[in-house]
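**Q** With the hints as extra help, turn the sequences into a complete structure.
Residue strings, one per chain:
Number of protein chains: 2
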Amino acid sequence: MQTLKVIKIGGNIIDDEQALHHFLEGFSKIKGPKILVHGGGKLATKLANQMGVEVKMTNGRRITDADTLDIITMVYAGKINKNIVAKLQANQCNAIGFSGADGNAIVSEKRPVKDIDYGFVGDVLKVNTNTLEVLLNNQVTPVFCAITHDENGQLFNTNADTIASELAIGFAKIFKTELYYCFEKNGVLQNVNDDDSVIENINSENYKTLINEGIIADGMLPKLNNCFHAIKHNVHKVCIGKPEMLFSLNTKHTTIQA
Amino acid sequence: MQTLKVIKIGGNIIDDEQALHHFLEGFSKIKGPKILVHGGGKLATKLANQMGVEVKMTNGRRITDADTLDIITMVYAGKINKNIVAKLQANQCNAIGFSGADGNAIVSEKRPVKDIDYGFVGDVLKVNTNTLEVLLNNQVTPVFCAITHDENGQLFNTNADTIASELAIGFAKIFKTELYYCFEKNGVLQNVNDDDSVIENINSENYKTLINEGIIADGMLPKLNNCFHAIKHNVHKVCIGKPEMLFSLNTKHTTIQA
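Chains as they are written, first to last, in my numbering: chain E, 1 to 258; chain S, 1 to 258.
Read the hints as simulated data drawn from the structure, not as lab findings.
Source: prediction; values computed, not measured.
Be aware that a few hints might be false.
As the list claims (entries may be wrong) - Just a sample of chain S residues kept apart from chain E, beta carbon distances all over 10 Å, derived:
hint, residue
1, MET1
2, GLY26
3, ASP117
4, TYR118
5, LEU135
6, ASN138
7, GLU184
To be verified - Derived DEER-like restraints, expressed as beta-carbon distance ranges:
hint, chain 1, residue 1, chain 2, residue 2, range
8, S, GLU244, E, LYS42, 44 to 50 Å
9, S, ASP15, E, THR209, 56 to 62 Å
10, S, GLN257, E, LYS42, 50 to 56 Å
11, S, GLU184, E, GLU54, 21 to 27 Å
Here a beta-carbon is modelled for each residue, glycine too, at the ideal position from N, C-alpha and C.
**A** Written as structure tokens, this is what we have:
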């Protein structure tokens, strides 16, 4: 079984032109089938401010109304995605930009309203691998932004970490899939202020302890839930760390184990 | 040789939600390989106004500076393209959105500066059919916005009519290609105020007469130059008219002949 790498990059790379340039150079050299998933960074908030569109928050979480969905579609699928694709082409990596609507790749449904109506936020229902597999087999690299659709013409804002894990899971029947979450730290840290205090292995057992001790909290919780979700659904390898973990074997990072 | 239809729609359809919905329903039912090319409509100007970005004109033509290119990339490749793709999926047409950077499909160079520097405007150099052909053979419909790239990481604003004709020409070695320009009139009109006065056939001979008589002028000139360029480069059929010409055989339209 061939290996497929699904690699997610976040705002810290997207928002830093030099870092993005450097990452895409390295990414282009990775051999074999690969998929890139990118977050949005601060550009969407900047555009919303420029356009005078109010950023609506409830309990600290952003609500995606119709105007916000338009902004996200413009920034994520337009500006960021197309610039990444153009830069990959410049590095001889034949990329095609994707939202979940393209090739009907990722189908989602509107997040059910319980206490809060998040608006146009989609929870993933299904990954369709057919068209993507044809492209991967033709040495084409899909580049995903964090937008999905409902097969009825509606686009949805969807968490980029979730898109990465669902793609890795969806392809696990065809490839030996590896999932890499790149962010600004060397991995999950024992001490948030010490970038060398990487917890190199997390399994379902020490995970509980780390949560109870408050070492894993806040934004790391949903990220690690995505990791365990992937590992439990036949993804072969899940890693969290700086992008350098992809390019240099002796870069510290966290590996998630079953 | 199989027939490939390349169909271009302009602002009059993009800007009218009902018209776009109706068009995409009909387009989805067209059998065989097909490519959709869409213009931008008024949304880019609207966004520029909202963002306070000045629209720079020289001799009546828009100059694409870096801010304008960003806006065009957001609106054309983001909002318009992804909404069209999602609506085609809702009509069981498996579409993938493309700029010229995606799949390295359309390579251009910055328009040379003579009297005017148009900024980030690209003239098409080459169409790469390889990746697109794989998709067409897998019943996938590429949907192109009017953006190209230079293979060095730079995106360019490019005329949508030109993109359509260059795609039709590029595929003429593989398919029997047909090129359809859909706009708000029934075709080239003898009398601009009479939508029934369609000139049903234009060839290189009566074309000159029509120009000399001032019947073909202004915006119709570059459109017809694209048509003749296509016909001279092995495109099998070139038509101009309302979208209905695609769906109903007895709809009046203009056909361009060698």
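**Q** Hint by hint, which ones does the structure fall short of?
**A** 5, 6 and 11
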